[in-house]
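Number of protein chains: 2
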Amino acid sequence: MTTIAFIGTGIMGKPMAENLQKAGHQLVFSDHYNPAPADLVANGAQVVHSAKAAAELAEYIILMVPNTPQVEDVLFSENGVAEVLKPGQTVIDMSSISPIETKTIAARVKETGAEYLDAPVSGGEVGAINAALTIMVGGSEEAYAKALPLFEVMGKNINLVGDNGAGQICKVANQIIVALNIEAVAEALVFASKAGADPARVREALMGGFANSKVLEVHGERMVKGTFDPGFRIQLHQKDLNLALSGAEALGMSLPNTQSAQNLFDACVKLGGEGWDHSALIRAIEELANHSIRQ
Amino acid sequence: MTTIAFIGTGIMGKPMAENLQKAGHQLVFSDHYNPAPADLVANGAQVVHSAKAAAELAEYIILMVPNTPQVEDVLFSENGVAEVLKPGQTVIDMSSISPIETKTIAARVKETGAEYLDAPVSGGEVGAINAALTIMVGGSEEAYAKALPLFEVMGKNINLVGDNGAGQICKVANQIIVALNIEAVAEALVFASKAGADPARVREALMGGFANSKVLEVHGERMVKGTFDPGFRIQLHQKDLNLALSGAEALGMSLPNTQSAQNLFDACVKLGGEGWDHSALIRAIEELANHSIRQ
Chain A
0 MTTIAFIGTG
10 IMGKPMAENL
20 QKAGHQLVFS
30 DHYNPAPADL
40 VANGAQVVHS
50 AKAAAELAEY
60 IILMVPNTPQ
70 VEDVLFSENG
80 VAEVLKPGQT
90 VIDMSSISPI
100 ETKTIAARVK
110 ETGAEYLDAP
120 VSGGEVGAIN
130 AALTIMVGGS
140 EEAYAKALPL
150 FEVMGKNINL
160 VGDNGAGQIC
170 KVANQIIVAL
180 NIEAVAEALV
190 FASKAGADPA
200 RVREALMGGF
210 ANSKVLEVHG
220 ERMVKGTFDP
230 GFRIQLHQKD
240 LNLALSGAEA
250 LGMSLPNTQS
260 AQNLFDACVK
270 LGGEGWDHSA
280 LIRAIEELAN
290 HSIRQ
Chain B
0 MTTIAFIGTG
10 IMGKPMAENL
20 QKAGHQLVFS
30 DHYNPAPADL
40 VANGAQVVHS
50 AKAAAELAEY
60 IILMVPNTPQ
70 VEDVLFSENG
80 VAEVLKPGQT
90 VIDMSSISPI
100 ETKTIAARVK
110 ETGAEYLDAP
120 VSGGEVGAIN
130 AALTIMVGGS
140 EEAYAKALPL
150 FEVMGKNINL
160 VGDNGAGQIC
170 KVANQIIVAL
180 NIEAVAEALV
190 FASKAGADPA
200 RVREALMGGF
210 ANSKVLEVHG
220 ERMVKGTFDP
230 GFRIQLHQKD
240 LNLALSGAEA
250 LGMSLPNTQS
260 AQNLFDACVK
270 LGGEGWDHSA
280 LIRAIEELAN
290 HSIRQ
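Each protein sequence line maps, in turn, to chains A and B. Positions 0 to 294 (numbering that gives the first Met the number 0) are the ones given, in order, by the first sequence. Positions 0 to 294 (numbering that gives the first Met the number 0) are the ones given, in order, by the second sequence.
Source of the hints: derived by calculation from the structure; they are not laboratory data. In this text, all values refer to a predicted model and were calculated from it rather than measured experimentally. Warning: the hint list may mix true and false statements.
Just so you know, same-sequence chains aren't split out, so a pair can sit in one copy or run between any two.
Cut-off 35 angstroms, straight-line C-alpha distance, at most; resulting in silico cross-link-like pairs (DSBU-like, lysine-lysine) [unchecked claim]:
no. : residue 1 : residue 2
1   : Lys109    : Lys213
2   : Lys145    : Lys224
3   : Lys85     : Lys224
4   : Lys85     : Lys269
5   : Lys145    : Lys102
6   : Lys213    : Lys85
7   : Lys102    : Lys224
8   : Lys213    : Lys269
9   : Lys145    : Lys269
10  : Lys109    : Lys269
11  : Lys155    : Lys145
12  : Lys102    : Lys13
13  : Lys224    : Lys21
14  : Lys21     : Lys269
15  : Lys238    : Lys213
16  : Lys13     : Lys155
17  : Lys21     : Lys238
18  : Lys145    : Lys21
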């Protein structure tokens, strides 16, 4: 049994924490951040009133919060985690945040003698509930090997990608590819439909060849059927592409099609689609073509 | 045994014709178009001196030529196929040409009473040799059902997508997705590498999740290793994206990321890369980033 401070029990964090509790670990929540989940408290999770107090009790401090500023706040603000960190403890940031800021955050944590892993996930709420998340980890091999049993309670496809930052870099790379593969399928299906072919039959014919992808299978089907309930919300993918685009700017490089996909997500938001599934990017292409693939 | 006039015995057409001959069919070549393959002639293929003369002898006339003007020339020029077409014959265009012109070409052929199928392929020279081509067919169900045994001698993943033109539309959709998935992997790996991660490990970590695709598997490996011998040449993918972009213009729609990928292929050609494998599109992204992922 390991004692784990878990900060950020939203749509993703709550089921992840629940899987850790089911595996026999002692959870500690701080209700300064958000209310502690009542069912997990009823099953024995402790509740304290600051990130610092939670970290004092725990061997692992897991963060699952919206973005870079929230990670910095939980760790480094007054009554934050860093005030009590010491050797033997490990901070695991499973949020999706800036890969570039992560290197600085990791260095500050390690100054205390504690370990740091960046370990963002993909797979969404369903993956979190089913303990089937993909987990992309950055950090030392020793810290990774020690934390692996905890990751295995929450995910399935778990990889140490490199040093601190590499997990977040890998997550951004994942979100670039998923967005651009969605955009690719959208352009192809709108072209096919506007040219007179049945997009459902085109998608099926393409699934046997080099055009095949998880996105053609999953998001392509959503486009053909018009099932745009999330899923993964456009506003969350916009946040991830902002990490890519601001990161690229800081690195002095350009990501032309990522910028284009972000523009198309922005166009969806103007159509009222911030809460649509990201496969609804096709609606922006349909607007440009003045043509819907769903007759 | 069926008698088949086969026009266009280049890198793709020659092994396709050879597979038809091995399956027991009688081939007829016209040496007006290109020299008849000597080995197939030694095995019993006939040689005549015009497309018209070849068509007079054959139940099926298969075309495997570079682009739309060559198809029109073989069919409709003086001493062309159309001069002798009659009911009971079928023209199968397996070239990759304009989907929009294909509808006109099919209508002109059908005026003679003959049948028409557009049946472009993907899978490249290796797929042609191994009878493993993906074949995307447009035409009537009856003509498709009758020709299917011939397709099965040349390919594996064979689909009737819709009426005439739908095969060519599907091929263009295929080439849009493959180009844009290559571009996606290129942006992601250059970003990851420039941000300090190992692109090989990032690619491996991504292969278990929603970013996975045939392109990440096959072309992603080429990018990481820098093996850019074709494969599928950039100049051929440029031709296919031109069909997409000119088709989109004719249809009054835009394909923003297809245009961007074409610009990046153009940049590769300026670097001397018209004969590189299309996965070398990453070199254009590397130029923009002033960074190679291969140390």
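Consistency of the hints with the structure:
{"no.": "1", "hint": "Lys109 with Lys213", "in the structure": "neither (38 angstroms within a copy, 40 angstroms between copies)"}
{"no.": "2", "hint": "Lys145 with Lys224", "in the structure": "between (45 angstroms within a copy, 32 angstroms between copies)"}
{"no.": "3", "hint": "Lys85 with Lys224", "in the structure": "neither (53 angstroms within a copy, 42 angstroms between copies)"}
{"no.": "4", "hint": "Lys85 with Lys269", "in the structure": "neither (48 angstroms within a copy, 56 angstroms between copies)"}
{"no.": "5", "hint": "Lys145 with Lys102", "in the structure": "within (21 angstroms within a copy, 63 angstroms between copies)"}
{"no.": "6", "hint": "Lys213 with Lys85", "in the structure": "neither (43 angstroms within a copy, 46 angstroms between copies)"}
{"no.": "7", "hint": "Lys102 with Lys224", "in the structure": "between (42 angstroms within a copy, 27 angstroms between copies)"}
{"no.": "8", "hint": "Lys213 with Lys269", "in the structure": "both (28 angstroms within a copy, 33 angstroms between copies)"}
{"no.": "9", "hint": "Lys145 with Lys269", "in the structure": "neither (46 angstroms within a copy, 50 angstroms between copies)"}
{"no.": "10", "hint": "Lys109 with Lys269", "in the structure": "neither (43 angstroms within a copy, 47 angstroms between copies)"}
{"no.": "11", "hint": "Lys155 with Lys145", "in the structure": "within (17 angstroms within a copy, 48 angstroms between copies)"}
{"no.": "12", "hint": "Lys102 with Lys13", "in the structure": "within (26 angstroms within a copy, 56 angstroms between copies)"}
{"no.": "13", "hint": "Lys224 with Lys21", "in the structure": "neither (37 angstroms within a copy, 43 angstroms between copies)"}
{"no.": "14", "hint": "Lys21 with Lys269", "in the structure": "neither (43 angstroms within a copy, 59 angstroms between copies)"}
{"no.": "15", "hint": "Lys238 with Lys213", "in the structure": "both (22 angstroms within a copy, 27 angstroms between copies)"}
{"no.": "16", "hint": "Lys13 with Lys155", "in the structure": "within (18 angstroms within a copy, 47 angstroms between copies)"}
{"no.": "17", "hint": "Lys21 with Lys238", "in the structure": "within (32 angstroms within a copy, 57 angstroms between copies)"}
{"no.": "18", "hint": "Lys145 with Lys21", "in the structure": "within (19 angstroms within a copy, 60 angstroms between copies)"}
When held up to the earlier numbered hints, the structure conflicts with 1, 3, 4, 6, 9, 10, 13, 14 and fits the remainder.
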